[in-house]
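Residue numbers (the numbering used here): 727 to 1181.
Treat the hints as calculated values from the structure; they're not laboratory data.
Hints may be right or wrong, so weigh each one.
Okay, the calculated beta carbon distance ranges per label pair [unchecked claim]:
| no. | residue 1 | residue 2 | range |
| --- | --- | --- | --- |
| 1 | Cys745 | Asp1081 | 46 to 56 Å |
| 2 | Asp1137 | Thr965 | 51 to 61 Å |
| 3 | Ala1057 | Arg1160 | 24 to 34 Å |
| 4 | Gly748 | Asp1131 | 53 to 63 Å |
| 5 | Glu847 | Asp1000 | 37 to 47 Å |
| 6 | Glu847 | His1061 | 53 to 63 Å |
Cβ atoms here follow ideal geometry from the backbone N, Cα and C, with glycine treated the same way.
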Amino acid sequence: MTDYAAAVLRRGSAVLVRCDDGAPRLPSAPLEDAADERPDAEAESDATDSEPIAAARRAASALGLDPNTLEHVRTGSPIRDGEESYAPVLFDVAGDGAATTDGAATADDAEWVAPTALLHESASPSEWYRYQRVAPTVRSITADGEHGAAYLSVRALEVLRDRAALQVSEGDPDLDELTDLGDRLLSARPSMAVLENRVNRVLAAAAGGDDVAESDAAAMDGDAAAMDGDAAAMDGDATAEGVAFAVEAAADAGIDRALRADADAAAAAAELLDGMSVLTLSRSGTVLDALESASPRSVHVAESRPAREGIGVAEELAAALDAPVTVLADAAVAHALATEDVDAVVVGADAVLPDGRVVNKTGTRAAALAAAREGIPVYVVAASDKVTRRETVNLETGDATAIYDGDVGIDVLNPTFDVTPGELIEAVVTERGRLDGEDVAAVAEEHAALTSWRE
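Please take these sequences and the hints and turn them into a complete structure.
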């Protein structure tokens, strides 16, 4: 039996496939000799895991991808296919075009496609099974403590799209299952408004058709038109199969819309922050994209305990920018704002409440208070989908053992998020431009209409 690694190379929400006789196949490479070609950056302690990772990197390189642009997400357990075995390995692909779902690969026979093409167009279901082994799930979204809300919202739409596509493919649509899945996704990360709004938009478009698409048109004309077209695809077909098809189509359009909105918000922030010295904390993909596109004079990054995701952000910025990057202890943020050359504090958001308050990683409120004391503006960078209709949100709590794992009977307070008053925020920078208090309230009303699928 020959053992292979199947590389699931995800850029935005598309995957890179080889097209053999028009049928998409995941690129693969045999495991033998993979350990000899393992890059230093992938010196995992578990050799059993590292061999598929290294082999999958070779498969990606054979298609012309730079191994340095690959971020390992997860490795799935091997799947037998006749006399062969395939271990699927999922990577996120960084670089130009990562916010779109099209583009040309270096290899002539390679193409970026929606993963559901592996289900609808492949000659064998094996390709889909390999993808599914590493595809996002409600559980993986719930457990993800490394990525920001915008990233996880796209993963949530992928879960919804994939399940609807499987129902369509098997000819076994189940509307109750899709709505239950929607509820589970909303419960997975209750503090993340963007996940709620994007899941609601997809299910409302599939269930309500034109009315929902038209209500969104003022925000994103091109994307609303795409949603309108997807709703029209099931016009007159209110059967379970028709709605399942509409959920798949609306999720695809919703993913495109989300990626474009996040990219446009980052571009707007990059223009604002160009030439500034900034301080940031935690990990926001939109903020990271903005800073990498701008030319900041310097960047200070709080380490963001307990997960310390700020360390990874500082490392990525140091590699991308021709400017000094400084990582600092969370407790030193106020000191840095008082003594260092900082023009602005820039953060992401997990939610923006209708009254302008901002829910973000714990430490944001303290940074904003310290910035106000020093007369330094605070900018929130986020797609407008992060505006919530809710007056309050359920603030998640982190693992107590991340703070204290001793034997003494003491209480632990480890809130994942805090709430920053709106008066401490200079502006919320989105794909629609800078939003003031009235703008935020208007967007919240739009998002309230997206809950119609529950009625």
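Structure versus earlier hints - violations, ascending order: Result: no hint breaks.
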